[in-house]
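> Got chain A; can you put chain B on it based on the hints?
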Amino acid sequence: MGNAVIRFDQVSKRYEGGHEALSQLTFEVAKGEMAFVTGHSGAGKSTLLKLLALIERPSHGHISLDGQSLAKIGQSGIPKLRRNLGMVFQDHRLLMDRTVFANVELPLVIGGIAPLERGRRVRAALEKVGLLDYERQLPASLSTGEQQRVGIARAIVVKPTVLIADEPTGNLDPQLAVEIMGLFAEFQQIGTTVLIASHDLPLIKRIKKRVIVLDHGRLVADVSAEEVL
Amino acid sequence: MSTPNEAQTAARTERSQRRPVSSWREHHGWSAANSLRRLASKPVGSLLTIAVMGLALALPLAFYLLLSNVQSLGDALGRNQVINVFLKTDQVASNAQLLAKKIEQHDGVANVTVKSPQEGLDELSKMQGFSDSLHALDNNPLPYVLLVQPQDGVSADTANQLVDDLRNEQGVDVVQDSGTWRQRLDALLGVGNRAVLILAGLFALAVLLVVGNTVRVDITSRADEIGVLKLIGASRAFVRRPYLYAGIWYGLFSGVLAVALAIAIEFALADPVARLSQVYEGKLHVGGLPPWLLLAVPVAAAVLGWLGARLVSAWQLRRAA
Chain A
1326 MGNAVIRFDQ VSKRYEGGHE ALSQLTFEVA KGEMAFVTGH SGAGKSTLLK LLALIERPSH
1386 GHISLDGQSL AKIGQSGIPK LRRNLGMVFQ DHRLLMDRTV FANVELPLVI GGIAPLERGR
1446 RVRAALEKVG LLDYERQLPA SLSTGEQQRV GIARAIVVKP TVLIADEPTG NLDPQLAVEI
1506 MGLFAEFQQI GTTVLIASHD LPLIKRIKKR VIVLDHGRLV ADVSAEEVL
Chain B
553 MSTPNEAQTA ARTERSQRRP VSSWREHHGW SAANSLRRLA SKPVGSLLTI AVMGLALALP
613 LAFYLLLSNV QSLGDALGRN QVINVFLKTD QVASNAQLLA KKIEQHDGVA NVTVKSPQEG
673 LDELSKMQGF SDSLHALDNN PLPYVLLVQP QDGVSADTAN QLVDDLRNEQ GVDVVQDSGT
733 WRQRLDALLG VGNRAVLILA GLFALAVLLV VGNTVRVDIT SRADEIGVLK LIGASRAFVR
793 RPYLYAGIWY GLFSGVLAVA LAIAIEFALA DPVARLSQVY EGKLHVGGLP PWLLLAVPVA
853 AAVLGWLGAR LVSAWQLRRA A
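Chains A and B supply the protein sequences, listed in that same order. Here the first sequence stands for residues 1326 to 1554, numbered as in the numbering used here. Here the second sequence stands for residues 553 to 873, numbered as in the numbering used here.
Pulled out of the complex, with its shape left as it was, chain A reads as follows (with noise of 0.2 Å):
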């Protein structure tokens, strides 16, 4: 594949303690892509991510991400990695002693654009996720579903060129859950490569894109959207 922007070379990893989360991992995913990475609890989806965003460091192997070695990423460089990254939490990892347009606009002043820039990049952000009207609004008194809205404003803010996310509807009932996965298409849809761990399979099959299957970290099925279909 010639335009990957996620590249798995023999990727393994071993934590402290002997525990093998991902063994020879070797996958590729392509600029504008849409993927879901499943399997059971402990297949190493959470792991692969960590790796992505180095939060961890491969034992073995080699990473790249947009054409960039993530080896040569020393600890100085893993904060403006991040700032060109998207990432989603199951768990949203909202700071609920901000409002809704602090959080959202947080990325944005890490990475020093200038206020106005800011508040319209905003805006457009949680515009697109449905929450403009709610800006002004901590985020603990809005519904879980609403909460990881916001979690994704906050990644899609930077114009990310790859957002991943880790169980972004672990916590969502079906219907949002649906409703947080069409938003994810919709921004693969204007180019940007995504990649989802998530161990829900109905759902997964619902919205007909790339499966990649761990189980106890190896890669067992790679199975292509049309062959979902």
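One or more of the hints may lead you astray.
[Said to hold, decoys possible] Taking lysine-lysine and the DSS-like style, the derived pairs with C-alpha atoms no more than 30 Å apart in a straight line are:
1) A:LYS1375 to B:LYS782
2) A:LYS1356 to A:LYS1533
3) A:LYS1356 to B:LYS782
4) A:LYS1397 to B:LYS782
5) A:LYS1405 to B:LYS678
6) B:LYS782 to A:LYS1453
7) A:LYS1375 to A:LYS1533
8) A:LYS1356 to A:LYS1530
Everything labelled a hint here was simulated from the structure, so no lab data went into it. It should be emphasised that the depicted structure is a prediction, and the values quoted were computed from it without experimental measurement.
Below, chain B without anything else, positioned relative to chain A:
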């Protein structure tokens, strides 16, 4: 709507075109405002911390104020210092006048007054209990006395030299110097000044520790927030900056409080000091803290706060990482 590639290219171009200086300024502005907002979000805790630090800084200031005023009092009393030169009883008026003129030429002497034996006797007779005794005397036993007034601000060494010179003058019987107390006071003031410096150092250390501990607790309670910031790309400096500003705010506000307390002490002392000044015919000029110190204390306290926050945040954030 732009195509995906155009949008992402525009985002990259925008990132590359950011001016580092304005970005740096915005980061600092954001961190400063953010840390102030945090302080305001827990007003009781913040005010208590600032009050403790303010009191700690006010104590050396109060001592400094006290000492400088005692010094001023000493100066005022020193101006009233008179050296009494008792001539031998065989000295006559012409000898006394000649000696007075000679002494007036001496360095550090403001003026010399000659008091005759008769004037001395008249003074004594006005004192209660002496009147009857003096009538019993056949003749006036008092000598001529020269009242030597040193110049204002004369040093203790010059005054001592003057006393020694007077003792060596021909016809002089006894020299009484009331300046010894001044030397003792100066020595005590020296001890006091040193004690103030030591106290200031200790209380500065206390401020450093209070800020450090407050920031440590703040970082511990915000571990989740720090984790989120790091996940979305915040650098270590960005994460740490609000805590450094918190240290600066704590220091600055406590410094202002300390100055306010010192000024309040000045006001509280104003009336009794004014009365004391009247006793010394207005010669006692009791001053407050110098303006440079009023400005320096909040600035120095802010620097201390920053330093305390910097030392602890570097260590605590490493632990959090």
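> Against the 30 Å threshold, does the CA-CA distance of LYS1356 of chain A and LYS1530 of chain A hold or violate the hint?
Satisfied, since the Cα-Cα distance of roughly 22 Å is no more than 30 Å.
> Assess, step by step, whether the Cα of LYS782 of chain B is no farther than 30 Å from the Cα of LYS1453 of chain A, and give holds or violated.
holds, 25 Å
> Taking only the CA atoms, is the gap from LYS1356 of chain A to LYS1533 of chain A under or equal to 30 Å?
Holds, at roughly 18 Å.
> Given the hinted pair LYS1397 of chain A and LYS782 of chain B, is their alpha-carbon gap at most 30 Å?
The hint holds at about 19 Å.
> With a cut-off of 30 Å on the C-alpha distance, tell me whether LYS1405 of chain A and LYS678 of chain B pass.
violated, 95 Å
> Keeping to a limit of 30 Å between CA atoms, is the pair of LYS1375 of chain A and LYS782 of chain B held or broken?
This hinted pair holds, its Cα atoms lying about 13 Å apart.
> Taken at face value, is the distance from the CA of LYS782 of chain B to the CA of LYS1356 of chain A at most 30 Å?
holds, 26 Å
> Check whether the Cα positions of LYS1375 of chain A and LYS1533 of chain A lie no farther apart than 30 Å.
Roughly 25 Å between the alpha carbons, so the hint for LYS1375 of chain A and LYS1533 of chain A holds.
Comparing the model with each earlier hint shows a violation of hint 5 alone; every other hint is respected.
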